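Based on the provided sequences and hints, a complete structural model is requested.
Order-wise, the sequence lines are chains A and B. Take the first sequence: its position 206, counted from the start at 1, is 206 in our numbering, and no numbers get skipped. Take the second sequence: its position 43, counted from the start at 1, is 43 in our numbering, and no numbers get skipped.
Check each hint, because a few of them may be wrong.
[Stated by the list, open to error] Among the chain B residues that face chain A by a calculated CB cut under 10 Å, a handful are:
# : residue
1 : ASN38
2 : HIS40
3 : LEU74
4 : VAL75
5 : PHE94
6 : TYR100
7 : CYS181
None of these hints come from the bench; they were simulated from the model. For clarity, every value in this text was computed on a predicted model and none was experimentally measured. Note that CB positions come from ideal geometry on N, CA and C, so glycine has one too.
For reference, the chains in residue letters:
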Amino acid sequence: MPMDLYYDPISPPCRAVMLTCRALGLAVNVKKISLSTQDQKKPEFLAINPQHTVPTIKDGDLRIWESRAITTYLVNQYGKDDSYYPKDPKIRAKIDHLLYFDIGTLFGRFSEIVYPVMRGEVKEITPVKLNSIYETLGWLEGFLEGQKWAVGNHITVADFSLITSIQTLELTKVNFKNYKNILKWKENCQKEMKDYDDVCSEPLTVIGKLIQEKFSHVNLWKLT
Amino acid sequence: MLIDLYYMPISPYCRSVQLTAHSLGVELNILHLDLLKNEHLQPEFLALNPQHTVPTFIDGDLVLWESRAICCYLVSAYGKDDSLYPKEPKKRAFVDRMLYFEMGTLGVSFSNMLFASMADESYSPTSSEIDKFHKALGYLEMFLKDHKWAAGSQLTVADLVLVATISGYVKGGLSLEKYPCILKWFKQCEEEIPGYKLLNEKGAEEAGTFYKQKLP
Numbered sequence: 001m002p003m004d005l006y007y008d009p010i011s012p013p014c015r016a017v018m019l020t021c022r023a024l025g026l027a028v029n030v031k032k033i034s035l036s037t038q039d040q041k042k043p044e045f046l047a048i049n050p051q052h053t054v055p056t057i058k059d060g061d062l063r064i065w066e067s068r069a070i071t072t073y074l075v076n077q078y079g080k081d082d083s084y085y086p087k088d089p090k091i092r093a094k095i096d097h098l099l100y101f102d103i104g105t106l107f108g109r110f111s112e113i114v115y116p117v118m119r120g121e122v123k124e125i126t127p128v129k130l131n132s133i134y135e136t137l138g139w140l141e142g143f144l145e146g147q148k149w150a151v152g153n154h155i156t157v158a159d160f161s162l163i164t165s166i167q168t169l170e171l172t173k174v175n176f177k178n179y180k181n182i183l184k185w186k187e188n189c190q191k192e193m194k195d196y197d198d199v200c201s202e203p204l205t206v207i208g209k210l211i212q213e214k215f216s217h218v219n220l221w222k223l224t
Numbered sequence: 001m002l003i004d005l006y007y008m009p010i011s012p013y014c015r016s017v018q019l020t021a022h023s024l025g026v027e028l029n030i031l032h033l034d035l036l037k038n039e040h041l042q043p044e045f046l047a048l049n050p051q052h053t054v055p056t057f058i059d060g061d062l063v064l065w066e067s068r069a070i071c072c073y074l075v076s077a078y079g080k081d082d083s084l085y086p087k088e089p090k091k092r093a094f095v096d097r098m099l100y101f102e103m104g105t106l107g108v109s110f111s112n113m114l115f116a117s118m119a120d121e122s123y124s125p126t127s128s129e130i131d132k133f134h135k136a137l138g139y140l141e142m143f144l145k146d147h148k149w150a151a152g153s154q155l156t157v158a159d160l161v162l163v164a165t166i167s168g169y170v171k172g173g174l175s176l177e178k179y180p181c182i183l184k185w186f187k188q189c190e191e192e193i194p195g196y197k198l199l200n201e202k203g204a205e206e207a208g209t210f211y212k213q214k215l216p
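Structure, rendered in structure tokens:
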């Protein structure tokens, strides 16, 4: 029986899980949770996930949230092989490093800065916060030096998490022009990740419009 | 061959790696770095880790940072068994979920306030920021209701990571009175985690003192 995936496509971590499912050829029963109408706070969903976050999966008796725990679980449990999350401890450690980099630094800094603007709580992005975004991109640029993919010679779950953060950050008009490695890697993701356009195009259009509207009074996305 | 760990005792992330290594009987070559004196910004360290964070871990050709990745690596590479980080996918997913919770929900709700106060002496946490921290503790309280350890019936790296973080808050004045499940789990950690007193107690006290100064 396919697992249930509680999902809102405008959430970057949700898209990372979906890209992983498509790569693994996994059928999922998508249950739409609309964050804009606060579906995640409804009792039926709270019973599944009291932390009321998406993505969440229900696979038999297992209920898991945290997208990076989900993507790695999916490969461990359902992967025909381990290519998306190799079992070798050193390779796996490098992937884990980038998953934690994504939650704690890349997506972490992005969401701390951008979401309050999206919620109308702040009207500006200070130079210090802006610089923290560019600092993070500089690090990712370094990690991608000489690499086609985030780790090793093929796509891994690290790429799925990182690309959904980067593609969303790009909508805020952050200037990516000096980050040649990131741009090349992003192009590779778009060309080679299974169902990339199907999973990402429409949500990114929706998010792009929301961001344009909220950021029309915020003008600090300049490369320093 | 030695395994190097760049380390600062005040950092819970460093202590969780030490606790993990100790549980596995792995010896670490501790290299002290004082971030408060900007020692992490020296060129030699930046060459190793451009993100200049601790812990940074070197095992042969593997240079690794992000403490939770290091803890999981240690179990995978050196564990005589997988009890601290079960291989079975569903059990592992639960441990991973708690590791990401510790970083992305609990830890960040506190460290945002701490870093804001370090950047600006006049900063005071807003009630919304304090609520967010207590909300995260509330989730942990809920998660600990049904089992002995953070990710089930046995001790895992999730407990080592969580206790390193929470012990600093407790020494910094956080009362666990409203969180009886966390309190019970915390006492259990103090008593049952191998090497807890030796490896975590002093660093947690230093962290607590630091937090009290910055967030009175």
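To see whether the hints hold, each was checked on the structure:
no.	hint	verdict
1	ASN38	violated (16 Å)
2	HIS40	violated (14 Å)
3	LEU74	holds (9 Å)
4	VAL75	holds (9 Å)
5	PHE94	holds (7 Å)
6	TYR100	holds (4 Å)
7	CYS181	violated (14 Å)
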